[in-house]
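Engineer: Single-letter residue listing:
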Amino acid sequence: MTTESSPVMVATGGGSDLPQDTGSARATAGQARVEVLVLASVALGAVGQLLLKASLLLLSQPPILKMEPRPAQIACAAGVLVGLCIYAVGTAFWVRAVSRSSISYLYPLSAVSYAVVALGGHELFGEVMPPLRWVGIAVMSIGVAVLAASEQRGPK
Amino acid sequence: MTPIVPLMGSVALGAVAQISLRHGMASPKRNVGSGLPVSPWVALWGLCFAAATVLWIAALRHADISYAYPMLGAGYILVTILARWLLREHVSRKRWIAVLIITLGVMMVGANR
Chain A
1 MTTESSPVMV ATGGGSDLPQ DTGSARATAG QARVEVLVLA SVALGAVGQL LLKASLLLLS
61 QPPILKMEPR PAQIACAAGV LVGLCIYAVG TAFWVRAVSR SSISYLYPLS AVSYAVVALG
121 GHELFGEVMP PLRWVGIAVM SIGVAVLAAS EQRGPK
Chain B
1 MTPIVPLMGS VALGAVAQIS LRHGMASPKR NVGSGLPVSP WVALWGLCFA AATVLWIAAL
61 RHADISYAYP MLGAGYILVT ILARWLLREH VSRKRWIAVL IITLGVMMVG ANR
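Those protein sequence lines, which keep their order, are chains A and B.
Residue numbers for the first sequence, in our numbering: 1 to 156.
Residue numbers for the second sequence, in our numbering: 1 to 113.
If you are wondering where the hints come from, they were derived from the structure by calculation, not from laboratory data.
Any given hint could turn out to be false.
Among the chain B residues that face chain A by a calculated CB cut under 10 Å, a handful are [as the list claims (entries may be wrong)]:
{"no.": "1", "residue": "ALA15"}
{"no.": "2", "residue": "ILE19"}
{"no.": "3", "residue": "ARG22"}
{"no.": "4", "residue": "LEU36"}
{"no.": "5", "residue": "LEU44"}
{"no.": "6", "residue": "TRP45"}
{"no.": "7", "residue": "SER66"}
{"no.": "8", "residue": "ARG84"}
{"no.": "9", "residue": "HIS90"}
{"no.": "10", "residue": "ARG93"}
{"no.": "11", "residue": "ILE97"}
{"no.": "12", "residue": "LEU100"}
{"no.": "13", "residue": "ILE102"}
A few chain A positions that, by computed beta-carbon distances, are all more than 12 Å from chain B [said to hold, decoys possible]:
{"no.": "14", "residue": "LEU51"}
{"no.": "15", "residue": "ARG70"}
{"no.": "16", "residue": "ALA72"}
{"no.": "17", "residue": "CYS76"}
{"no.": "18", "residue": "ALA77"}
{"no.": "19", "residue": "CYS85"}
{"no.": "20", "residue": "SER99"}
{"no.": "21", "residue": "GLU123"}
{"no.": "22", "residue": "GLY126"}
Facing chain B, according to a computed beta carbon distance under 8 Å, are these residues of chain A, among others [claimed, not checked]:
{"no.": "23", "residue": "VAL95"}
{"no.": "24", "residue": "SER102"}
{"no.": "25", "residue": "TYR114"}
{"no.": "26", "residue": "PRO130"}
{"no.": "27", "residue": "LEU132"}
{"no.": "28", "residue": "ARG133"}
{"no.": "29", "residue": "VAL135"}
{"no.": "30", "residue": "ILE137"}
{"no.": "31", "residue": "MET140"}
{"no.": "32", "residue": "GLY143"}
{"no.": "33", "residue": "VAL144"}
{"no.": "34", "residue": "LEU147"}
Backbone N, C-alpha and C define an ideal beta-carbon position, used for all residues, glycine too.
Using the sequences and the accompanying hints, generate a full structural model.
Structural biologist: Put into structure tokens, the structure is as follows:
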């Protein structure tokens, strides 16, 4: 999974609190493409979701791991907390992306998250994927490709 | 209560949240700490986002995920319509087609068969 996020993206906010350099968000040097921001947000969101699911599975009956009830509860609570934090960082990337491009482009792009979470659930937890779900992921990917292609007017 | 009410409420509030976030990000005043614009629209985004999440969880108590999930697909069409109508964003024909394909895909992902 592509969770490698370059530090450049989070570092762009520094020192731009002067009133005169508002408006042109693209003026800052070293900015990542909005698609990269959306991808980072989707990847972090998916990791957060899957961690939440994994944490809640610790409390499942019968237990999937051989753990005493008490440590399992603590591990679950810790996992939920970390999962939510990762999710929050993903949201921060989303907010940064929204400040740079139109919502009618970005929001449909974020649909990739359904594919990532579904595939993650299948790979990590062995969740059953009905055939139509595979088809849905393929259809959605085509839609996202068409969407991305609709945006190619070159960098401004 | 039938799950369709919280479900549709969640989709509608989720769409309003995205529109207000985009609108709020246009505000020139930035909070130095968070980098977020000082705008009531950003606050509205937070509120709607939270309310949509609560409604979604409420809906899942009464509905199968395979029933609830396809409804989320409607959100993509709704956001695009609102972005065009309220924010006057340009939505090309290619983008409309892409949104319809994505919606179809999301609906299929939720299917149980």
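Engineer: Taking the hints in turn, state whether each one holds.
Structural biologist: Hints and how they fare:
The interface hint given for ALA15 (chain B) is met, as the beta carbon of that residue sits about 9 Å from the closest beta carbon of chain A, less than 10 Å. Contact between ILE19 (chain B) and chain A, as hinted, is supported at the beta carbon level, the nearest pair being about 7 Å apart and thus within 10 Å. At its closest, the beta carbon of ARG22 (chain B) sits 4 Å from a beta carbon of chain A; the interface hint therefore holds under the 10 Å criterion. Restraint check, LEU36 (chain B) versus chain A: the minimum CB separation of about 7 Å is within 10 Å; hint holds.
For the restraint placing LEU44 (chain B) at the interface with chain A, the shortest Cβ-Cβ distance is roughly 14 Å, beyond the 10 Å limit, so the hint is violated. Proximity of TRP45 (chain B) to chain A holds as hinted, the smallest CB-CB distance being about 9 Å (cut-off 10 Å). Given the 10 Å rule on beta carbons, the hint for SER66 (chain B) holds: about 9 Å separates it from the nearest Cβ of chain A. Interface restraint check for ARG84 (chain B): the shortest CB-CB distance to chain A comes to about 7 Å, inside 10 Å, so the restraint holds.
For HIS90 (chain B), the shortest C-beta to C-beta distance to chain A is roughly 8 Å, which falls under 10 Å, so the interface hint holds. Hint status for ARG93 (chain B) relative to chain A: holds, with the closest Cβ pair at about 9 Å, below 10 Å. For ILE97 (chain B), the shortest C-beta to C-beta distance to chain A is roughly 6 Å, which falls under 10 Å, so the interface hint holds. Taking 10 Å as the C-beta contact cut-off toward chain A, the hint placing LEU100 (chain B) at the interface holds, the least distance being around 8 Å.
For the restraint placing ILE102 (chain B) at the interface with chain A, the shortest Cβ-Cβ distance is roughly 4 Å, inside the 10 Å limit, so the hint holds. No Cβ of chain B comes within 12 Å of the Cβ of LEU51 (chain A); the nearest lies about 17 Å off, and the non-interface call holds. Distance check on ARG70 (chain A): its Cβ is at least 27 Å (rounded) from any Cβ of chain B, clearing the 12 Å threshold; non-interface status holds. Listed as outside the interface, ALA72 (chain A) is consistent with that label: its C-beta sits roughly 23 Å from the nearest C-beta of chain B, beyond the 12 Å cut-off.
Distance to chain B confirms CYS76 (chain A) as a non-interface residue, since its nearest Cβ pair spans about 18 Å, more than 12 Å. No beta-carbon of chain B comes within 12 Å of the beta-carbon of ALA77 (chain A); the shortest separation is about 18 Å. Under the 12 Å C-beta cut-off, the non-interface status given to CYS85 (chain A) relative to chain B holds; the minimum distance is some 16 Å. The beta carbon of SER99 (chain A) sits about 4 Å from the closest Cβ of chain B, which is not more than 12 Å, so the claim that it is off the interface is violated.
Remark: the non-interface label on GLU123 (chain A) is consistent with the geometry, its nearest Cβ contact in chain B lying 16 Å away (cut-off 12 Å). Every Cβ of chain B is farther than 12 Å from the Cβ of GLY126 (chain A); the closest lies at roughly 17 Å, confirming the non-interface assignment. Because the beta carbon of VAL95 (chain A) sits about 7 Å from the nearest beta carbon in chain B, less than 8 Å, this interface hint is met. With a cut of 8 Å, the hint placing SER102 (chain A) at the interface with chain B holds, because the nearest CB-to-CB distance is about 5 Å.
Restraint check, TYR114 (chain A) versus chain B: the minimum CB separation of about 5 Å is within 8 Å; hint holds. A cut of 8 Å between beta carbons decides the hint on PRO130 (chain A): the least distance to chain B is about 5 Å, and the hint holds. The interface hint given for LEU132 (chain A) is met, as the beta carbon of that residue sits about 4 Å from the closest beta carbon of chain B, less than 8 Å. For ARG133 (chain A), the interface hint holds, the least distance from its beta-carbon to any beta-carbon of chain B being 5 Å, beneath 8 Å.
A cut of 8 Å between beta carbons decides the hint on VAL135 (chain A): the least distance to chain B is about 6 Å, and the hint holds. Given the 8 Å rule on beta carbons, the hint for ILE137 (chain A) holds: about 6 Å separates it from the nearest Cβ of chain B. Satisfaction of the interface hint for MET140 (chain A) is found here, the shortest Cβ-Cβ separation to chain B being roughly 3 Å, below the 8 Å cut-off. Below 8 Å, beta-carbon pairs count as interface contacts, and GLY143 (chain A) has one with chain B at about 3 Å; its hint therefore holds.
Because the smallest distance between the Cβ of VAL144 (chain A) and any Cβ of chain B comes to about 6 Å, under 8 Å, the interface hint for this residue holds. Annotation: LEU147 (chain A) was flagged as interfacial toward chain B, and the flag holds, the nearest CB pair being 4 Å apart, inside 8 Å.
Of the numbered hints given earlier, the model fails hints 5, 20; all others are met.
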